[in-house]
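Protein chains in written order, with the working numbering: chain D, 1 to 96; chain Y, 1 to 208.
Don't read these hints as lab results, they were simulated from the structure.
Keep in mind that the hints are not guaranteed to be accurate.
Said to hold, decoys possible - With a straight-line Cα cutoff of 35 Å, these simulated DSBU-like cross-link-like pairs (lysine-lysine) come out:
1. Y/K146 / Y/K159
2. Y/K139 / Y/K159
3. D/K64 / Y/K159
4. D/K64 / Y/K110
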Amino acid sequence: MSSRRSRQSSGSSAASSRISDDQIISLVSRLQQLLPEIRNTRSSKVSASKVLQETCNYIRNLNKEVDDLSDRLSQLLATIDSDSAEAAIIRSLIMQ
Amino acid sequence: MASSSISNAEANTNQPRETKFEKLTKRGRENQAKEVTKMEKTRWTSDAEQQNYSVKLVEALSQRSHGNSSPAAEVSHVAVRETADRLLAVAAKGRTRWSRSIVMSRLRLKLNPNKHKKQKKPKVAGDMRSKKPVAVAKKIPAVERKVRLLGRLVPGCRKLSFPNLLGEATDYIAALEMQVRAMTVLSGLLTGTESLAPQFDPLGSGRS
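Make a model of the complete structure from these sequences and hints.
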């Protein structure tokens, strides 16, 4: 992160307008590539506002998925915690 | 040998071109920056990272359920979520702000179990809202509103500048995706072993 820190210090030392548009555009496009919604309907003219909106929605969706998964995991774990051998088996299954 | 290379460099500094030393360090720095960004892009997508996380999660969760004395110990879903988030934040190795914020807030909770966060917040929010007239409040541009919303969603990033916030959000999304993938795989495995359990004969307790 040292490169990011040096960029940050040089950006904030001068006036706030020093944060270049190019930098923001590249960050927004990087974010855009992560969002499945915008990736699928491929159009070059995606507004920043839409990207932000989709980002918020996507983060909320991901959080909800993690919640559901942890709910499911807690139920599943209740059934297997009696035997520690099973945990070792699961561990070996994961490592493949 | 060393002296000749040094004198070479010194001779070159008089000329307007970059010295070899400067070229090397500049290229080294550029490569390092490229590698850092490449690593940042792929760090949450690599299989190794995901496997690492899954293993740690299994160990932490099985420890927790074994730690409970009652035989029908149930790991609550909140506990699972908290463990998963904590491990995710630790996996980031303190490089991002959101991960540091998660780790720090857990530490603070541990050290001050009696302090409730709710006591501090309402005072400030109430004053600010009463002072602003309604007409002015609506003038906040839509983009700004969304930026604020995003800042609230990513932990620890409320007062971050816009470019930093975008960077944090990018990393946070990638990390969350990995968390979802790892936990999906894990629940799939557990479902599989659960269906095998009645026929499964563990090595320790052989019933021959």
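(message) Next pair to validate is Y/K146 with Y/K159; report whether the Cα-Cα distance is within 35 Å.
(response) holds, 14 Å
(message) Run the distance test for D/K64 versus Y/K159: straight-line Cα separation, threshold 35 Å.
(response) This hinted pair holds, its Cα atoms lying about 24 Å apart.
(message) Just to be careful, I want the Cα atoms of Y/K139 and Y/K159 compared with a cutoff of 35 Å; is the pair within it?
(response) holds, 20 Å
(request) Below or equal to 35 Å on CA atoms is what counts here, so check D/K64 against Y/K110. (result) With a Cα-Cα distance of about 25 Å, the restraint between D/K64 and Y/K110 holds, given a limit of 35 Å.
In summary, the structure agrees with every hint in the numbered list given earlier.
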